[in-house]
Amino acid sequence: MFMTTPSRPKTFRHEALFYRGDDEFIAGTVPFIRHAVTANEPVLVSVHPDKAERIKAELNGESDALQFIDMPALGHNPARIIPAWREFLAENLAVGSPVRGIGEPVWPGRSGEELAECRRHEWLLNLAFADSPAWWLLCPYDAEGLPEEVLTDACATHPHVVEGGLTRSSDSYCDPIRDTDPFRDPLPPPATDPEQLTFTRDDLPDIRRVVARHAEDAGLDDERTGDLLVAATEVATNSVRYAHGKGRLSVWREDARLLCEVRDDGVLADPLAGRERPAPSWARGRGIWLANQLCDLVQIRTTPEGNVVRLHMSV
Amino acid sequence: MGEVREHGLLDRASGLGLHGHACWPYDDDAEMRQALVDFLTDGLRLKQRLIYVGSGSVEELREDIGALPQRHALVEMGMLQILSLDDVYSPGEPTDPEEQLATYAAATEQALADRYTGLRVGAKVTALVDDPAGWSAHTRWEALADEYMATHPLAALCLYDARALPGEIVSDLTSVHPVAHRCGSSAPFRLYSGDDCLELEGEVDYFSAPTFRRALAAAAPPDRDTVLDLSRLRFGDHHAVMALTDPGPARLRLRNVPGRVVRIAQLLDVALPSEERKGDDVHDHTV
Numbered sequence: 001m002f003m004t005t006p007s008r009p010k011t012f013r014h015e016a017l018f019y020r021g022d023d024e025f026i027a028g029t030v031p032f033i034r035h036a037v038t039a040n041e042p043v044l045v046s047v048h049p050d051k052a053e054r055i056k057a058e059l060n061g062e063s064d065a066l067q068f069i070d071m072p073a074l075g076h077n078p079a080r081i082i083p084a085w086r087e088f089l090a091e092n093l094a095v096g097s098p099v100r101g102i103g104e105p106v107w108p109g110r111s112g113e114e115l116a117e118c119r120r121h122e123w124l125l126n127l128a129f130a131d132s133p134a135w136w137l138l139c140p141y142d143a144e145g146l147p148e149e150v151l152t153d154a155c156a157t158h159p160h161v162v163e164g165g166l167t168r169s170s171d172s173y174c175d176p177i178r179d180t181d182p183f184r185d186p187l188p189p190p191a192t193d194p195e196q197l198t199f200t201r202d203d204l205p206d207i208r209r210v211v212a213r214h215a216e217d218a219g220l221d222d223e224r225t226g227d228l229l230v231a232a233t234e235v236a237t238n239s240v241r242y243a244h245g246k247g248r249l250s251v252w253r254e255d256a257r258l259l260c261e262v263r264d265d266g267v268l269a270d271p272l273a274g275r276e277r278p279a280p281s282w283a284r285g286r287g288i289w290l291a292n293q294l295c296d297l298v299q300i301r302t303t304p305e306g307n308v309v310r311l312h313m314s315v
Numbered sequence: 001m002g003e004v005r006e007h008g009l010l011d012r013a014s015g016l017g018l019h020g021h022a023c024w025p026y027d028d029d030a031e032m033r034q035a036l037v038d039f040l041t042d043g044l045r046l047k048q049r050l051i052y053v054g055s056g057s058v059e060e061l062r063e064d065i066g067a068l069p070q071r072h073a074l075v076e077m078g079m080l081q082i083l084s085l086d087d088v089y090s091p092g093e094p095t096d097p098e099e100q101l102a103t104y105a106a107a108t109e110q111a112l113a114d115r116y117t118g119l120r121v122g123a124k125v126t127a128l129v130d131d132p133a134g135w136s137a138h139t140r141w142e143a144l145a146d147e148y149m150a151t152h153p154l155a156a157l158c159l160y161d162a163r164a165l166p167g168e169i170v171s172d173l174t175s176v177h178p179v180a181h182r183c184g185s186s187a188p189f190r191l192y193s194g195d196d197c198l199e200l201e202g203e204v205d206y207f208s209a210p211t212f213r214r215a216l217a218a219a220a221p222p223d224r225d226t227v228l229d230l231s232r233l234r235f236g237d238h239h240a241v242m243a244l245t246d247p248g249p250a251r252l253r254l255r256n257v258p259g260r261v262v263r264i265a266q267l268l269d270v271a272l273p274s275e276e277r278k279g280d281d282v283h284d285h286t287v
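First to last, the protein sequences are chains A and B. Quick note on numbering: the first sequence equals residues 1 to 315 in the numbering used here. Quick note on numbering: the second sequence equals residues 1 to 287 in the numbering used here.
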């Protein structure tokens with residue numbers, strides 16, 4: 001099977017691969033990898049470990065030059081994926097020597113909230129690497145197992161779609177620089193009555209008290225309770241520092257998750273906030289980064305009323 | 001001394017042992033007098049010699065401890081001394097912390113020689129911090145005195161009139177005592193001396209990290225290594241971790257570093273001071 005695509009993109013090239021069944025997955029990914037290996041381009045493959053094994057088996061020893069990352073482990077919170085790509089690029093990418101990646105952050109069985117954040121992640125990739133030297137990222141989507149709307153979203157987040165061996169430009173692609181954020185839909189309201197607390201700078205210890213009590217009631221272990229306390233403190237600190245000194249905390253249980261939400265009337269201007277590992281010299285930019293590393297899922301929305309940051313912990 | 005010093009925020013100034021050191025900001029005089037009498041009464045029970053020193057005349061000071069039973073007899077017997085601040089400190093002159101400590105150490109030794117279990121000082125010393133230029137030196141003095149108290153039977157209750165002082169200095173003062181009055185301006189953490197190390201107890205976040213940096217500068221002098229024990233750090237956000245990774249001129253070694261502190265440092269790609277090694281020649285906190 002031949003791809004009707006240039007063998008070497010000139011900028012960041014972001015493609016969705018819609019596959020049906022194992023064979024199409026292999027047919028869509030392995031030649032893509034072989035092209036890179038032949039051209040001495042470094043390749044990073046981040047998929048489910050089972051799929052990684054299939055690829056390795058197919059390559060039959062050619063895979064030595066490949067790097068693999070367990071995507072479910074890395075990308076449970078999709079906000080951790082862009083930093084992993086940045087790290088790979090920092091080590092391997094230069095002008096004139098491109099690299100390739102395969103990333104499958106979306107798979108059947110992901111929750112609605114996770115899928116919403118995956119969609120956001122896929123869209124933000126275009127922004128994160130808009131000015132990058134050329135590299136090529138292929139994102140496989142299980143077109144049999146995933147709901148139709150997820151594939152529709154993938155067309156909006158990928159400028160190119162590969163399906164049945166053919167590559168096409170996506171008519172519905174939303175350019176992150178030209179178009180406004182297409183995924184501003186508000187987060188669903190809490191499913192249960194939340195405990196709420198309006199806070200200012202003196203109330204940070206109270207926030208920890210409230211969150212810790214809910215974590216204990218929910219049976220969250222000490223380790224993850226500590227993680228959540230740090231994340232909630234960091235996010236609330238941002239409200240006090242950057243949103244007129246105050247915010248509102250909500251905490252509630254929903255199914256097997258504990259949720260902490262901070263709302264304020266600030267404006268988080270950078271949609272990529274928290275998706276770059278902060279350098280030691282940075283004066284700011286650590287709070288949301290840490291929340292992303294410590295929580296199972298972090299949802300950030302900037303609305304006309306202000307910012308919303310929702311932290312999820314599985315119980 | 002082997003036992004754990006009392007530490008944390010208290011509503012009443014009672015229950016402090018031979019090495020107790022409490023910072024007591026107060027908002028009204030009745031509250032101040034109650035704390036003072038609570039503190040001195042414990043000293044009687046523990047058989048420490050008592051001193052009450054403060055600004056104002058001895059007559060005024062006597063009124064502050066009017067509720068202390070048999071205070072006249074205690075004074076007669078030499079068990080209680082009431083001193084005007086002017087008799088102890090030279091007004092207008094900066095206090096020399098080393099000299100000051102030598103005075104208290106001598107008084108403590110004298111109390112022991114006189115068959116007391118030690119010395120217990122109530123000090124109403126707001127006047128010593130009325131000049132912002134002297135704040136950091138005074139905070140350093142408190143930390144130095146605390147180091148002595150950790151290993152010698154000297155206990156002190158430091159009374160500061162919160163109505164007369166900005167919140168920042170009250171917060172700084174409370175931060176270098178193992179015990180502080182639970183009130184609005186008290187720091188959410190305490191940095192104080194243990195047997196052979198500094199102990200950090202409580203919570204440090206963005207809003208208290210500047211206080212923590214100043215407390216560290218006061219309690220960990222740059223001319224020697226200081227071991228900082230973190231086992232009582234209940235909460236630290238990334239600002240606490242950044243303060244530990246960049247502790248100014250303090251030469252820190254860490255002990256009992258919580259896993260979360262290590263993890264945050266890793267996630268931020270910053271290096272914590274090294275952990276204390278076995279056999280490190282730790283400074284002997286005796287004078």
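Hints may be right or wrong, so weigh each one.
[Unchecked claim] Across the chosen pairs, the derived CB separations fall in these ranges: (1) E305/A with A164/B: 49 to 55 Å; (2) D223/B with D181/A: 25 to 31 Å; (3) S172/A with S231/B: 29 to 35 Å; (4) D223/B with E305/A: 37 to 43 Å; (5) A271/B with P72/A: 38 to 44 Å; (6) P249/B with K10/A: 49 to 55 Å; (7) D29/B with D181/A: 31 to 37 Å; (8) D223/B with D202/A: 35 to 41 Å; (9) A30/B with P186/A: 49 to 55 Å; (10) Q34/B with G112/A: 44 to 50 Å; (11) E275/B with D202/A: 55 to 61 Å; (12) S14/B with G112/A: 44 to 50 Å; (13) G112/A with S231/B: 40 to 46 Å; (14) Q196/A with S14/B: 45 to 51 Å.
No wet-lab data here; the hints were simulated from the structure. Beta carbons: idealized from backbone N, C-alpha and C, even for Gly.
Each hint, compared with the structure:
A beta carbon spacing of about 43 Å between E305/A and A164/B contradicts the range 49 to 55 Å that was offered as a hint. For D223/B paired with D181/A, a C-beta distance near 55 Å fails the hint of 25 to 31 Å. Roughly 56 Å separates the CB atoms of S172/A and S231/B, a value that falls outside the hinted 29 to 35 Å. Distance hint check: the CB atoms of D223/B and E305/A are about 54 Å apart, inconsistent with the given range 37 to 43 Å.
One distance hint, 38 to 44 Å for the beta-carbon pair A271/B and P72/A, is violated here, with the actual separation near 31 Å. At roughly 52 Å, the beta-carbon separation of P249/B and K10/A lies within the given 49 to 55 Å, and the hint holds. Taking 31 to 37 Å as the suggested C-beta distance range, the pair D29/B and D181/A does not conform, at roughly 59 Å. At about 36 Å, the CB distance of D223/B to D202/A agrees with the hint of 35 to 41 Å.
Between A30/B and P186/A, the C-beta spacing of about 53 Å keeps the proposed range 49 to 55 Å intact. Against the hinted window of 44 to 50 Å, the Cβ-Cβ separation of Q34/B and G112/A comes to about 58 Å, which falls outside the hint. At about 34 Å, the CB distance of E275/B to D202/A disagrees with the hint of 55 to 61 Å. The hinted window of 44 to 50 Å between S14/B and G112/A is violated, with their beta carbons roughly 56 Å apart.
Remark: the range hint 40 to 46 Å for G112/A to S231/B is upheld by a beta-carbon distance near 42 Å. Q196/A and S14/B have their C-beta atoms about 37 Å apart, which leaves the hinted 45 to 51 Å range violated.
Of the numbered hints stated above, those contradicted by the structure are hints 1, 2, 3, 4, 5, 7, 10, 11, 12, 14, listed in ascending order.
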